[in-house]
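Visitor: Sequence:
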Amino acid sequence: MIIIGGGPAGLMAAEQLTNAGYAVDLYDAMPTLGRKFLLAGIGGLNITHSEPFEAFCGRYAERQPQIQPLLSRFGAEELRAWCAELGVETFVGTSGRVFPKEMKAAPLLRAWLARLKRNGLRVHPRYRWVGWDTQGQLVFETPQGTITVPYTAVILALGGGSWKKLGSDGAWVKLLTARHIPIAPLKPANGGFLCVWSEHLSSRFAGSPLKSVTLSFTDLNGQTETRMGEMIVTARGVEGSLIYAFSARLRDTLDVHGSATFHLDLLPNHSHAQLEAALHKKPANKTLGNFLKSHWKLDGVKAALLFETLDKAHWQNIPLLVSTLKAIPITVTATTPIDEAISTAGGVPFEALDENLMLRHLPGVFCAGEMLDWEAPTGGYLLTACFASGREVGEGIIRWLASVSEARLTPPH
Numbered sequence: 002m003i004i005i006g007g008g009p010a011g012l013m014a015a016e017q018l019t020n021a022g023y024a025v026d027l028y029d030a031m032p033t034l035g036r037k038f039l040l041a042g043i044g045g046l047n048i049t050h051s052e053p054f055e056a057f058c059g060r061y062a063e064r065q066p067q068i069q070p071l072l073s074r075f076g077a078e079e080l081r082a083w084c085a086e087l088g089v090e091t092f093v094g095t096s097g098r099v100f101p102k103e104m105k106a107a108p109l110l111r112a113w114l115a116r117l118k119r120n121g122l123r124v125h126p127r128y129r130w131v132g133w134d135t136q137g138q139l140v141f142e143t144p145q146g147t148i149t150v151p152y153t154a155v156i157l158a159l160g161g162g163s164w165k166k167l168g169s170d171g172a173w174v175k176l177l178t179a180r181h182i183p184i185a186p187l188k189p190a191n192g193g194f195l196c197v198w199s200e201h202l203s204s205r206f207a208g209s210p211l212k213s214v215t216l217s218f219t220d221l222n223g224q225t226e227t228r229m230g231e232m233i234v235t236a237r238g239v240e241g242s243l244i245y246a247f248s249a250r251l252r253d254t255l256d257v258h259g260s261a262t263f264h265l266d267l268l269p270n271h272s273h274a275q276l277e278a279a280l281h282k283k284p285a286n287k288t289l290g291n292f293l294k295s296h297w298k299l300d301g302v303k304a305a306l307l308f309e310t311l312d313k314a315h316w317q318n319i320p321l322l323v324s325t326l327k328a329i330p331i332t333v334t335a336t337t338p339i340d341e342a343i344s345t346a347g348g349v350p351f352e353a354l355d356e357n358l359m360l361r362h363l364p365g366v367f368c369a370g371e372m373l374d375w376e377a378p379t380g381g382y383l384l385t386a387c388f389a390s391g392r393e394v395g396e397g398i399i400r401w402l403a404s405v406s407e408a409r410l411t412p413p414h
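Numbering of the sequence shown is given in our numbering, commencing with residue 2 and proceeding in unit increments.
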């Protein structure tokens with residue numbers, strides 16, 4: 002049995018197959034496995050989320066019908082139990098996100114790989130898959146040269162198209178397209194956006210966090226969502242968890258209109274009336290900047306955004322000033338490069354796969370993980386679906402092999 006790709010989806014598929022007694026060879030282009038998984042754990046591995054199942058599944062938007070069945074068999078609770086089996090205790094953070102107690106990915110990955118190798122998994126690092134030869138065998142470029150490998154069944158778990166240096170380069174798109182497999186174009190997901198900042202703001206406040214702000218955005222369907230969180234102003238634009246929560250809708254609006262505008266409430270805990278009443282009492286000898294800082298601790302990048310948005314000539318117009326404080330318009334003009342995104346949308350559509358996650362037009366070739374056409378926000382949803390699809394494809398390949406074997410043994414009528 003062959004698996005190409007050593008991330009969570011590929012390794013989870015390997016676990017199902019080795020547990021069933023199959024000999025499994027796993028090939029990966031990188032020197033070590035799980036590099037993007039390890040990167041995700043640098044700031045604390047957010048492995049899943051504790052929110053109710055229906056809400057959890059809703060995070061996959063239009064792909065909920067395809068992802069929810071996978072999660073019903075291996076969702077957040079099952080993933081936490083699986084971590085415990087590996088000796089990794091998890092806990093629920095204040096935001097509902099779930100983390101390993103040690104807040105790192107490395108201990109989990111080490112324990113997992115050790116168990117897989119005890120079960121017989123053979124790992125082949127620095128083997129880059131480059132397609133098929135004329136006889137239909139898999140072709141790999143290796144440090145020792147090009148080799149071919151025959152197969153009955155192969156699982157492709159090659160990731161999306163971001164973080165090329167970690168192995169997810171999207172090179173598989175051309176290989177599958179050449180075999181007439183439809184591929185939804187890869188797009189950045191959970192990434193930053195570009196804005197046109199003034200030189201003052203970009204040079205003075207690049208890297209500054211915007212904390213406790215509320216973002217409001219109306220998408221292409223006319224649906225408005227408002228959410229509180231944190232984001233970062235960069236030299237080129239905006240990024241961070243609050244932006245990532247809206248990234249798919251911002252990106253889709255960009256694709257249609259060429260730009261997208263959201264609004265920030267810099268003082269979400271204060272009503273318009275409260276702000277107007279306080280501003281009417283501002284001492285005449287106190288500057289607006291000093292008053293905002295002393296009264297609401299609004300300074301730094303928040304003050305810079307306000308003063309970039311509202312011309313000084315209008316600072317005495319209290320209703321306009323308050324409405325601006327409560328809804329700073331920020332227009333994004335492009336996404337940051339796909340390689341900088343946390344994940345990608347697009348890939349192999351579920352419609353091209355059967356119930357076992359096998360390509361309908363390439364019997365014996367299965368797909369799992371981020372290379373499938375789905376996306377989700379950060380918060381543990383990405384990893385959970387990768388684990389779940391890996392488990393599903395491992396079981397799917399076992400079912401398919403059983404059906405093929407049965408068909409060979411059944412005499413013709």
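Don't take each hint at face value.
What the hints assert, rightly or not - Straight-line distance between alpha carbons at most 20 Å, and here's what the computed SDA-like set of lysine to any residue pairs gives:
{"id": "1", "residue 1": "Lys212", "residue 2": "Glu142"}
{"id": "2", "residue 1": "Lys212", "residue 2": "Ser242"}
{"id": "3", "residue 1": "Lys175", "residue 2": "Gln136"}
{"id": "4", "residue 1": "Lys165", "residue 2": "Lys283"}
{"id": "5", "residue 1": "Lys283", "residue 2": "Ala314"}
{"id": "6", "residue 1": "Lys118", "residue 2": "Gln136"}
{"id": "7", "residue 1": "Lys313", "residue 2": "Ser199"}
{"id": "8", "residue 1": "Lys298", "residue 2": "Ile339"}
{"id": "9", "residue 1": "Lys165", "residue 2": "Thr33"}
{"id": "10", "residue 1": "Lys105", "residue 2": "His125"}
{"id": "11", "residue 1": "Lys327", "residue 2": "Pro364"}
{"id": "12", "residue 1": "Lys166", "residue 2": "Glu142"}
{"id": "13", "residue 1": "Lys294", "residue 2": "Thr262"}
{"id": "14", "residue 1": "Lys105", "residue 2": "Asn120"}
{"id": "15", "residue 1": "Lys102", "residue 2": "Glu142"}
{"id": "16", "residue 1": "Lys175", "residue 2": "Pro364"}
{"id": "17", "residue 1": "Lys212", "residue 2": "Gly223"}
{"id": "18", "residue 1": "Lys282", "residue 2": "His264"}
{"id": "19", "residue 1": "Lys165", "residue 2": "Gln136"}
{"id": "20", "residue 1": "Lys175", "residue 2": "Ile339"}
{"id": "21", "residue 1": "Lys118", "residue 2": "Lys166"}
{"id": "22", "residue 1": "Lys283", "residue 2": "Ser242"}
{"id": "23", "residue 1": "Lys105", "residue 2": "Ala85"}
{"id": "24", "residue 1": "Lys327", "residue 2": "Ala279"}
{"id": "25", "residue 1": "Lys287", "residue 2": "Asp300"}
{"id": "26", "residue 1": "Lys105", "residue 2": "Val124"}
{"id": "27", "residue 1": "Lys327", "residue 2": "Thr225"}
To be verified - Label-pair distances were calculated between CB atoms; the ranges are:
{"id": "28", "residue 1": "Ser406", "residue 2": "Thr95", "range": "49 to 59 Å"}
{"id": "29", "residue 1": "Arg123", "residue 2": "Phe54", "range": "35 to 45 Å"}
{"id": "30", "residue 1": "Glu341", "residue 2": "Arg205", "range": "17 to 27 Å"}
{"id": "31", "residue 1": "Ala115", "residue 2": "Glu142", "range": "20 to 30 Å"}
{"id": "32", "residue 1": "Glu309", "residue 2": "Ala85", "range": "44 to 54 Å"}
{"id": "33", "residue 1": "Thr310", "residue 2": "Leu87", "range": "44 to 54 Å"}
{"id": "34", "residue 1": "Met104", "residue 2": "His281", "range": "19 to 29 Å"}
Because the hints were derived from the structure by calculation, they are not lab data.
Glycine residues also receive a C-beta, built at the ideal position from the N, C-alpha and C atoms.
Visitor: Against this structure, judge whether each hint is valid.
Guide: We went through each hint and held it up to the structure:
At most 20 Å may separate the alpha-carbon atoms for a hinted pair to count; Lys212 and Glu142 exceed this at roughly 47 Å. A hinted pair counts as satisfied when its Cα atoms are at most 20 Å apart, and Lys212 with Ser242 qualifies at roughly 11 Å. For the hint pairing Lys175 with Gln136, the CA-to-CA distance comes to about 19 Å; that is within 20 Å, so the pair holds. With a CA separation close to 53 Å, the supplied pair Lys165 and Lys283 exceeds the 20 Å bound.
With a C-alpha separation of about 17 Å, the suggested pairing of Lys283 with Ala314 holds against the 20 Å cut-off. Our distance criterion of 20 Å between C-alpha atoms is broken by Lys118 and Gln136, whose separation comes to about 31 Å. Straight-line distance between C-alpha atoms of Lys313 and Ser199 comes to about 16 Å, which keeps the hinted pair within the 20 Å bound. Distance hint between Lys298 and Ile339 is unfulfilled; the C-alpha atoms sit about 36 Å from each other, more than 20 Å.
A distance of roughly 14 Å separates the Cα atoms of Lys165 and Thr33; the hinted pair therefore holds under the 20 Å criterion. Restraint check for Lys105 and His125: the C-alpha separation of about 25 Å exceeds 20 Å, so the hint is violated. This hinted pair does not check out: Lys327 and Pro364 have alpha carbons roughly 56 Å apart, beyond 20 Å. For the suggested pair Lys166 and Glu142, the alpha carbons sit about 17 Å apart, so the restraint of at most 20 Å is met.
The straight-line distance between the Cα atoms of Lys294 and Thr262 is roughly 27 Å, outside the 20 Å bound, and the hint therefore fails. Note on Lys105 and Asn120: the hinted pairing is violated, with a Cα-Cα distance of about 24 Å set against a maximum of 20 Å. For the suggested pair Lys102 and Glu142, the alpha carbons sit about 39 Å apart, so the restraint of at most 20 Å is broken. Proposed proximity of Lys175 and Pro364 is supported: the alpha carbons are some 19 Å apart, at most 20 Å.
Distance restraint check for Lys212 and Gly223: the Cα-Cα separation of roughly 27 Å exceeds the 20 Å cut-off, and the hinted pair is therefore not satisfied. Of the pairs offered as hints, the one joining Lys282 and His264 is violated, with about 27 Å between alpha carbons and a cut-off of 20 Å exceeded. The hinted pair formed by Lys165 and Gln136 fails the criterion: a straight-line CA distance of about 30 Å is larger than 20 Å. Restraint check for Lys175 and Ile339: the C-alpha separation of about 17 Å stays at or below 20 Å, so the hint holds.
Restraint check for Lys118 and Lys166: not satisfied, since their Cα atoms lie roughly 25 Å apart, outside the 20 Å limit. Simply put, Lys283 and Ser242 have alpha-carbon atoms about 35 Å apart, too far for the 20 Å limit, and the pair is violated. Pair hint Lys105 plus Ala85 holds up; C-alpha atoms about 14 Å apart against a cutoff of 20 Å. With a CA separation close to 15 Å, the supplied pair Lys327 and Ala279 stays within the 20 Å bound.
Proposed proximity of Lys287 and Asp300 is supported: the alpha carbons are some 15 Å apart, at most 20 Å. Our distance criterion of 20 Å between C-alpha atoms is broken by Lys105 and Val124, whose separation comes to about 23 Å. For the suggested pair Lys327 and Thr225, the alpha carbons sit about 16 Å apart, so the restraint of at most 20 Å is met. Distance hint for Ser406 and Thr95: a CB-CB separation of about 51 Å, consistent with the stated range 49 to 59 Å.
For the pair Arg123 and Phe54, the beta carbons lie near 37 Å from each other, so the given range of 35 to 45 Å is met. Between Glu341 and Arg205 the beta carbons are some 23 Å apart, a value that agrees with the proposed interval 17 to 27 Å. Checked against the given bound of 20 to 30 Å, the beta carbons of Ala115 and Glu142, roughly 28 Å apart, stay inside it. Look at Glu309 against Ala85: about 50 Å separates their beta carbons, and that is inside 44 to 54 Å.
Against the hinted window of 44 to 54 Å, the Cβ-Cβ separation of Thr310 and Leu87 comes to about 50 Å, which satisfies the hint. Checked against the hint of 19 to 29 Å, the pair Met104 and His281 fails, with Cβ atoms roughly 48 Å apart.
In terms of the numbered hints stated before, the structure departs from hints 1, 4, 6, 8, 10, 11, 13, 14, 15, 17, 18, 19, 21, 22, 26 and 34, listed from lowest to highest.
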